[in-house]
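Asks: Residue numbers (numbering that gives the first Met the number 0), protein chains in the order written: chain A, 0 to 170; chain B, 0 to 203.
Derived by calculation from the structure, the hints in this document are not laboratory data.
Please note that a few of the clues may not be correct.
Listed next, the in silico DSS-like pairs over lysine-lysine satisfying Cα-Cα at most 30 Å (straight line) [stated by the list, open to error]:
no. : chain 1 : residue 1 : chain 2 : residue 2
1   : A       : K160      : A       : K136
2   : A       : K1        : A       : K17
3   : A       : K17       : A       : K36
4   : B       : K151      : B       : K68
5   : A       : K160      : A       : K36
6   : A       : K36       : A       : K117
7   : B       : K178      : A       : K17
8   : B       : K159      : B       : K178
9   : B       : K165      : B       : K12
10  : A       : K117      : B       : K192
11  : A       : K17       : B       : K151
12  : B       : K178      : B       : K68
13  : B       : K164      : B       : K192
14  : B       : K12       : B       : K192
15  : A       : K17       : B       : K164
16  : B       : K68       : B       : K173
17  : B       : K68       : A       : K17
18  : B       : K68       : B       : K159
19  : B       : K68       : A       : K36
20  : B       : K165      : A       : K36
21  : B       : K12       : B       : K68
Everything numeric in this text was worked out from a predicted model, so none of it was measured.
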Amino acid sequence: MKDWRDDIFEVFQDHDIKQVYHVPDAGHSRLIEACQKSNSVRTLALTTEEEGIAIAAGAWLGGQRSALLMQSSGVGNTINMVGLTRTLRFPFLTLITMRGDYGEFNSWQYPMGQGTPKVLEAMGMLLYSVDKAEDVKATVDAAARSAFQGGQSVAVLLRQKLIGIKTFGKK
Amino acid sequence: MSQATLQRRPLVKEILTGADDNLLVIGGLGSSNWDITNAGDRPLNMPLWGAMGAPVGMGLGLAIAQPTKRVLVITGDGDMLMSLGSLATVAAQSPDNLAICVLDNEKFGETGNQATHTSPRNNGPTDSGAGTDLALIARGCGIADCGTVTAKGDVAQLVKDLRMKKGPIFRLVKVMVEKLEFVMPPQDGAHLKDRFRQALLGRP
């Protein structure tokens, strides 16, 4: 069955995104696998999220569009490097699966999860937010337009309400 | 005290001699930026004034986007120490057109020559490091072709390797601590990016 992660992959295809960066992430896993299996996208696993911004800058210098997939906990690793998107003024798109958000059970996720929109805004990033599966495609498409046509540095927050609450198998 | 005898300015000049449209260069912030600019500012240089830890990643993204061009990253030991993981990410992708050259003077030059971890152990109260070997780290990350250059007699081969050898390659070059003139390229990042793309792609 098709779900919103497949919608995101379609948007990536529509916008000619050629490089996708990620760290392992349960929320993004289906999308990451779709990218890995695709012949038109180069998928790069990172050791830390900030690498993704530097690589995205290099990709843009070389004429390719890219997207960084990360979790809210990874956002904190990127903040100084997010400055590069402003300094170079290059189009940048990141999709962030939120933790420490709607009904999170793990207290360790809250500080960075709750801080994520604030620190990204402080760095001048344009934020989109989506919490309903039926809105994902249009929102990611709008974000990609803001980035690659509008020249902005853009983040889409995929809210925990959309992703579902991780339970470690408990109900 | 470092025993290095190589001087970074003439070395970088030699590395970049005859640079043409097939050579795309990323220079790390601080000394490496001034070094590549001293060799001759050109649109296909991307000299960084900040973004410490970014050059290897930028080189990787660029090498993947432009597989027929040679991509050369020139940076320092302090910058490299800040992004060691990116060497593993390079190894995982293994772009055959990427060369990384780290100029190791065992110092954080821009902040007053404090010792980096590549400085030897037991090197006095303020200059001791850990003897960190960045070429060994690169090798351990999975970059098969790594080497260290310390002698003038090996520079010609170094230049050849950086410019032409099948990548990814990593070269650590031990260089002297020197007080050198700042030779600055344009500072505006958007301008540097636009002129790079204009020269490479024909559009900003």
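Asks: Hints first: check each against the structure and report whether it holds.
Replies: Results of checking the hints against the structure:
no. : hint               : verdict
1   : A:K160 with A:K136 : 16 Å, holds
2   : A:K1 with A:K17    : 22 Å, holds
3   : A:K17 with A:K36   : 13 Å, holds
4   : B:K151 with B:K68  : 28 Å, holds
5   : A:K160 with A:K36  : 28 Å, holds
6   : A:K36 with A:K117  : 35 Å, violated
7   : B:K178 with A:K17  : 43 Å, violated
8   : B:K159 with B:K178 : 28 Å, holds
9   : B:K165 with B:K12  : 22 Å, holds
10  : A:K117 with B:K192 : 28 Å, holds
11  : A:K17 with B:K151  : 42 Å, violated
12  : B:K178 with B:K68  : 34 Å, violated
13  : B:K164 with B:K192 : 27 Å, holds
14  : B:K12 with B:K192  : 22 Å, holds
15  : A:K17 with B:K164  : 26 Å, holds
16  : B:K68 with B:K173  : 27 Å, holds
17  : B:K68 with A:K17   : 17 Å, holds
18  : B:K68 with B:K159  : 16 Å, holds
19  : B:K68 with A:K36   : 26 Å, holds
20  : B:K165 with A:K36  : 27 Å, holds
21  : B:K12 with B:K68   : 20 Å, holds
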